[in-house]
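Same order as they appear, the protein sequences are chains A and B. Quick note: to get our numbering, add 608 to the position in the first sequence (first position is 1). Quick note: to get our numbering, add 132 to the position in the second sequence (first position is 1).
Accuracy of the hints is not assured; some may be wrong.
Only pairs whose alpha carbons sit at most 20 Å apart, straight line, appear in this in silico EDC-like list of lysine to aspartate or glutamate [what the hints assert, rightly or not]:
(1) A:Lys658 to A:Glu679
(2) B:Lys141 to A:Glu617
(3) B:Lys141 to A:Asp622
(4) A:Lys658 to B:Glu192
(5) B:Lys141 to A:Asp726
(6) A:Lys630 to A:Glu617
(7) A:Lys630 to B:Asp140
(8) A:Lys634 to A:Glu617
(9) A:Lys725 to B:Asp140
(10) B:Lys141 to A:Asp728
(11) A:Lys630 to A:Asp713
(12) B:Lys141 to A:Asp713
(13) B:Lys191 to A:Glu679
(14) B:Lys141 to A:Glu730
(15) B:Lys141 to A:Glu717
Here are a few chain A residues that face chain B, going by a calculated C-beta distance under 7 Å [said to hold, decoys possible]:
(16) Val625
(17) Val633
(18) Lys634
(19) Ile687
Don't read these hints as lab results, they were simulated from the structure. All values derive from a computational prediction rather than experimental measurement. Cβ coordinates follow ideal geometry from the N, Cα and C atoms, glycine included.
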Amino acid sequence: MKKNTQHPEVRIDDQLVHATVKLNVKLFALVLGLIGGLSFFALTHLALSKGVTVDKLSPLNLLGIFLPGYEVSRTGAWIGLLWGTILGAVSGAIIYRIYARSIYDQVNEYLNSPTIKDSDLEGVTLRFGGHSLGLALGSLFALALFVTTSWLVIRGTAGQSYHANLLSNYLPGYSVSFLGSIIGSAVLFAFVYVLCQILSVVYNSIVSVRAGRNT
Amino acid sequence: MRTQDNADKAVLMVGFARMDVLAMSIAVGVVAAFLLFMLTAVLLLKGDAGDPFIGVNLKELAKYFPGYSVSWSGSLVGMLYAGGIGLIIGFCTAVLWNLMHILYIGLVLIRGLWWRMLAD
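Hey, can you work out the whole structure from these sequences and the hints?
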């Protein structure tokens, strides 16, 4: 990656970039952590208001298999808040880190371009890199599924994990076993990768259209 | 001719780039709608929708999404609900992100003014 401009008298301050990235990773982790945690908390209480309890079938109760301690109850709502915050924060940190890889390229483009004005910088908008995002988040979710399924196998409850086995409807080849978790993780990786690509394509397209309209 | 100040300003502007609220709302809405549609469609294509054990968790969604069912027409209704929820989550994410930047920059400016006052 070309870190500095072609003009030796003007350099991209690596320390400034590093400090900016470090701060924004924390901010984005905070934002997505807040949204993730509060969403989980609200969903759990919504389920409780609909009469769902710990022993009733519910998509939310299924999550308790993969998020230890979580269940549809008042206590579970707080644990869900914690899990949602952790997952949201990690995802947020990953997403911004991926965006940060483009900072040098964007700054170099501005510095080397005679047509980009200072005012253009003020309207600069975050863009998503679908491929990198898909790889990173896909790996995160695949690893999470592998670890939680392996935990079920190690603690000896694979045979009773009826609900976990239902995932095989959506993840062909998945089962509550080591081999099944590897296959399921690979399928989940592909699924999350596709979702990230869709998110990036839709978001970047709308941003480009709006940027084109404003010029 | 670009100067070092230009380079530093560019780093900050790109690093603190704002998120497009409309784009993020629509993008997350589309992904959420697509996700629910796919989850329903998989069961329908496999022919498991009528099975009393398989798909029973997805059917529970009808409690939260009136009109949703594990059927083709129901999946379209579900897409609308999921899209709406995705829209709200995307909107909140983008607004919070932009707000965090405004708050942080505001705090830095206030802190700068404060230290300048103390120094004077």
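Consistency of the hints with the structure:
1. A:Lys658 to A:Glu679: It holds: about 15 Å lies between the C-alpha atoms, which stays within 20 Å.
2. B:Lys141 to A:Glu617: The hint holds at about 16 Å.
3. B:Lys141 to A:Asp622: holds (13 Å)
4. A:Lys658 to B:Glu192: holds (10 Å)
5. B:Lys141 to A:Asp726: Roughly 9 Å separates the two Cα atoms, so the pair holds.
6. A:Lys630 to A:Glu617: violated (26 Å)
7. A:Lys630 to B:Asp140: OK: Lys630 of chain A and Asp140 of chain B at ~16 Å, within 20 Å.
8. A:Lys634 to A:Glu617: Since the Cα atoms of Lys634 of chain A and Glu617 of chain A sit roughly 32 Å apart, the hinted pair is violated (cutoff 20 Å).
9. A:Lys725 to B:Asp140: Given that 20 Å is the threshold and the Cα spacing comes to 15 Å, the pair holds.
10. B:Lys141 to A:Asp728: holds (12 Å)
11. A:Lys630 to A:Asp713: holds (18 Å)
12. B:Lys141 to A:Asp713: holds (15 Å)
13. B:Lys191 to A:Glu679: holds (19 Å)
14. B:Lys141 to A:Glu730: Holds, because 10 Å separates the two Cα atoms, which is no more than 20 Å.
15. B:Lys141 to A:Glu717: holds (14 Å)
16. Val625: holds (6 Å)
17. Val633: Where the cut-off is 7 Å and the nearest Cβ of chain B is about 10 Å from Val633 of chain A, the hint is violated.
18. Lys634: At 10 Å from the nearest chain B Cβ, Lys634 of chain A fails the 7 Å test, so the hint is violated.
19. Ile687: This hint is violated: Ile687 of chain A lies away from chain B, its Cβ roughly 20 Å from the closest one there, beyond 7 Å.
Of the numbered hints given earlier, the model fails hints 6, 8, 17, 18 and 19; all others are met.
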